[in-house]
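K.L.:
Sequence:
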Amino acid sequence: MIISNYIKIAIRVIRKNRLYSALNIFGLALGIAASLFILQYTSYEKNYDVFHTNYENLYRINYKVFQEGDLKTNSATSVPRAGSFMKEYIPEVKEFTRLYPEFGVVTHNIIKYRENGVFYTDNSFFLVFDFPVLHGNTSEALKGPNQLVITESMALKYFEKTNVVGERLSYNTWLNGEIKAVIEDVPVNSHLQFDMLISFETLNNHSTESNGYIASEDSWDWSSFYTYILLENDTDFTEVNAKFAKLFEQERGDANREIGIKEEFSLQPITEIHLHSNLEAEADPDGQGDSEIVFFLSVIAIFILVIAWINYINLSTARSLERAKEVGIRKAVGASRKQLIFQFLAEAFILNFLALAIALTVVLLGLDIFNQLTGSALAAEFLRDQKFWLMAGSIFVSGSFISGFYPAIVLSSFRPTGMLKGRFSSNKTGTYLRRTLVVTQFIVSISLIAGTVIVFQQLNYMKSAQLGFSMADRLVIQGPMITNEDTYASSLSAFKEELLQNSMVENVTATSNIPGENIIWVNQIKKIQDSDEKLNPISFVSVDYDYFPTFDMDLLAGRNYQKSFSTDTGALIINQSAVKMLGYQNPEAAINQKVKIYDEPKTIIGVVSDFQQLSAKNAAFPMVFPLANDNSYFFSVKLQSGSYQEATAALQSAYEKFFPGNPFEFFVLDAFFNRLYETDEQFKVVFTLFALLAIVIACLGLFGLTSFNALQKTKEIGIRKTLGARIKDIFYLLTKEFIVMIAVANLIAWPLIYLAMENWLDNYASRISVNFIVFGYSGLIVMIIALLTVGFKVLQTAQANPVEALRNE
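The sequence shown begins at 770 in our numbering and counts up by one.
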């Protein structure tokens, strides 16, 4: 009965004070909805790969190479022997599996597609990972050569049905594989994305040498394999790291010291790969998350909730004057303070419950929009997730207590005699607390505005920065399969010739890589006179004579490759970073110097300026550009401005003429390159959106405090107006306190946001410097927003009839 009575009274109070109740509910609903969106997103990002049954015991082997103490390689791939060696000598290693990436054209009858999500892998793959099977048996699906496992989507793509066990697919013309199993599509929240798996025995057959040595099984030098191990339960992976380090020293220590390098293998928990790994040769570099972004959004979620709760406190205490007599009457008829506290807490619980209901509705209706903004794949199924309801329930219960406890204490503490006589005033403690809360809101608002501006500045800087090459009007065609090098060379030459006869085409180049692509092919380079201890890892891009002109890249010294120089097959062009790595004083000093790469002597004939191969987060790195025509995976075409539509048909016709049987696939280079900034762009949009929401919610709190101040100063304002005070005097009286609080908030917010944004900007190799003018503008904007927010209530109070204010005296 008591609880029922509390609820009835609470509902009456809410209905009686519709405006304040609506402001409270709306502010809380916005705060809870925004926080649920962000917390669900951050939870999704943090829970990559947890769908595997043994995810807590799953680790990837990462690989580092040091030379003379300097880190030369820091890769997500390692050597094929590492996993088998661990299982052989370390009892805690339960199982291991390796994946070797492959890409090419998959064919079934007349259906042909270029597929990138293809890996060779061990038969133990499904003992390590949990990917549900639709058809077939995965226990022996990858045991023999030329055996395949494909995903449901791939089965539908090539066969228009899912049960295709026993069917065959051709791969790159040389492999005719039998499908042994079909699995469900790989979940989006997996760092490892694939569509087809080829048995490791197939790779072994191609890497076996005449002396019986199998490179893909026993090599300690072929560092292109993603290797995962499954540990026994309750195993400390740091101890496994230490054991392996000792065993590896015994196995390879002397050999490594002879060539002056140090190799290091380390286990990384699979659950940390998505957010906390940004190594060379990541399996899905475009899909990597960013722990900094997750952290910033989590902080914003907390800020928004705190602001919403502060609003409730301010709006509730703003109504304390009109509820004073109600409290006095209740106390006069025998209500205890404990009962009053429960009454006001009941109101807070009901308001928070209504806000939660509205927030859940907003989350459901806005889920698709949120997914588009963040690029995530949240689905309504999270409503069936126990963790989600635990999170929502925690926000509801904690929010109800946090927001309702202080008003309940304040309102229940009034003395009935003074309240019934209309004598009511607030205490200094309450005043200081309210001021502290509003200063907190101002600090958050200033920080969010300044942070948003800095994020915009950094992203605009990256997009407007000089890349070192031109990508506008460049169209890229996926290269064909090469079955015969001699035939391919003549076809390529004829293809380029025909394209250049088209008035819309300015230049064509065939290369192994293009700007914007993560380069995983690395070799070793050194000066010809240096010992092998001086070998340095270097990324290489195979190019033809037209690569640098097609992308408008500048040569700082030397010359480009030329057909008239027959010796250019033994020549090299390197970039600025490679010049520094090799120890030459300047680009000119490197010209005509001899180096050794892939065990062959070469002469440097040119040095190209460093260009942005990847996004501005990545610094320029040493690169070499050997002349080659046998691994041209991309044809880049420089077009006349704005001629994409007209040129595509001509390009397709020529491609199909000279490379029949290959699918014609193309993309625009600037769109391909700008995908590197998608995560940052999404962060910018989400950061801005929720920063604006936080400011809107904060404005509701300002309105509440203004209402409180106006009520507290009603009689003072009446007296001042009677004595001739003007509206602008009243406006100054009620707003000067906010101006002081904004000034205090600025002094606190500026160093905090400076440190936070400097930390964020440190993630970028190419970055802006924080401009302190941004802080001044942020403070000014917050002041304008605050004055506009409180202005309406201030003017309303200033224009009121002073007789109404003084009638009780």
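What the hints contain is simulated information worked out from the structure, not anything from laboratory work. This structure is a prediction, so every number in the text was calculated from the model and none was measured. Certain hints may be false.
[Claimed, not checked] Below 25 Å or equal to it, Euclidean Cα-Cα: the simulated DSS-like pairs (lysine-lysine) are:
id, residue 1, residue 2
1, Lys841, Lys1349
2, Lys1497, Lys833
3, Lys1031, Lys1349
4, Lys1484, Lys1497
5, Lys1484, Lys1386
6, Lys1386, Lys841
7, Lys1453, Lys1232
8, Lys777, Lys1012
9, Lys856, Lys912
10, Lys1363, Lys1332
11, Lys841, Lys1505
12, Lys841, Lys1012
13, Lys833, Lys881
14, Lys833, Lys1100
15, Lys1426, Lys1453
16, Lys1505, Lys1484
17, Lys815, Lys1303
18, Lys1031, Lys1296
19, Lys833, Lys1156
20, Lys1100, Lys777
21, Lys881, Lys815
22, Lys1232, Lys1386
23, Lys1303, Lys881
24, Lys1100, Lys841
25, Lys863, Lys1100
26, Lys1363, Lys1296
27, Lys1031, Lys1497
28, Lys863, Lys1012
29, Lys856, Lys833
K.L.:
Against this structure, judge whether each hint is valid.
P.N.:
Tested hints:
no., hint, result
1, Lys841 x Lys1349, "holds (14 Å)"
2, Lys1497 x Lys833, "violated (69 Å)"
3, Lys1031 x Lys1349, "holds (22 Å)"
4, Lys1484 x Lys1497, "holds (17 Å)"
5, Lys1484 x Lys1386, "violated (60 Å)"
6, Lys1386 x Lys841, "holds (18 Å)"
7, Lys1453 x Lys1232, "holds (13 Å)"
8, Lys777 x Lys1012, "violated (68 Å)"
9, Lys856 x Lys912, "holds (19 Å)"
10, Lys1363 x Lys1332, "holds (21 Å)"
11, Lys841 x Lys1505, "violated (60 Å)"
12, Lys841 x Lys1012, "holds (24 Å)"
13, Lys833 x Lys881, "violated (38 Å)"
14, Lys833 x Lys1100, "violated (74 Å)"
15, Lys1426 x Lys1453, "violated (45 Å)"
16, Lys1505 x Lys1484, "holds (18 Å)"
17, Lys815 x Lys1303, "violated (41 Å)"
18, Lys1031 x Lys1296, "holds (20 Å)"
19, Lys833 x Lys1156, "violated (38 Å)"
20, Lys1100 x Lys777, "holds (19 Å)"
21, Lys881 x Lys815, "violated (37 Å)"
22, Lys1232 x Lys1386, "holds (12 Å)"
23, Lys1303 x Lys881, "violated (46 Å)"
24, Lys1100 x Lys841, "violated (77 Å)"
25, Lys863 x Lys1100, "violated (71 Å)"
26, Lys1363 x Lys1296, "holds (6 Å)"
27, Lys1031 x Lys1497, "violated (75 Å)"
28, Lys863 x Lys1012, "holds (15 Å)"
29, Lys856 x Lys833, "holds (20 Å)"
Checked against the numbered hints given earlier, the structure breaks hints 2, 5, 8, 11, 13, 14, 15, 17, 19, 21, 23, 24, 25, 27 and satisfies all the rest.
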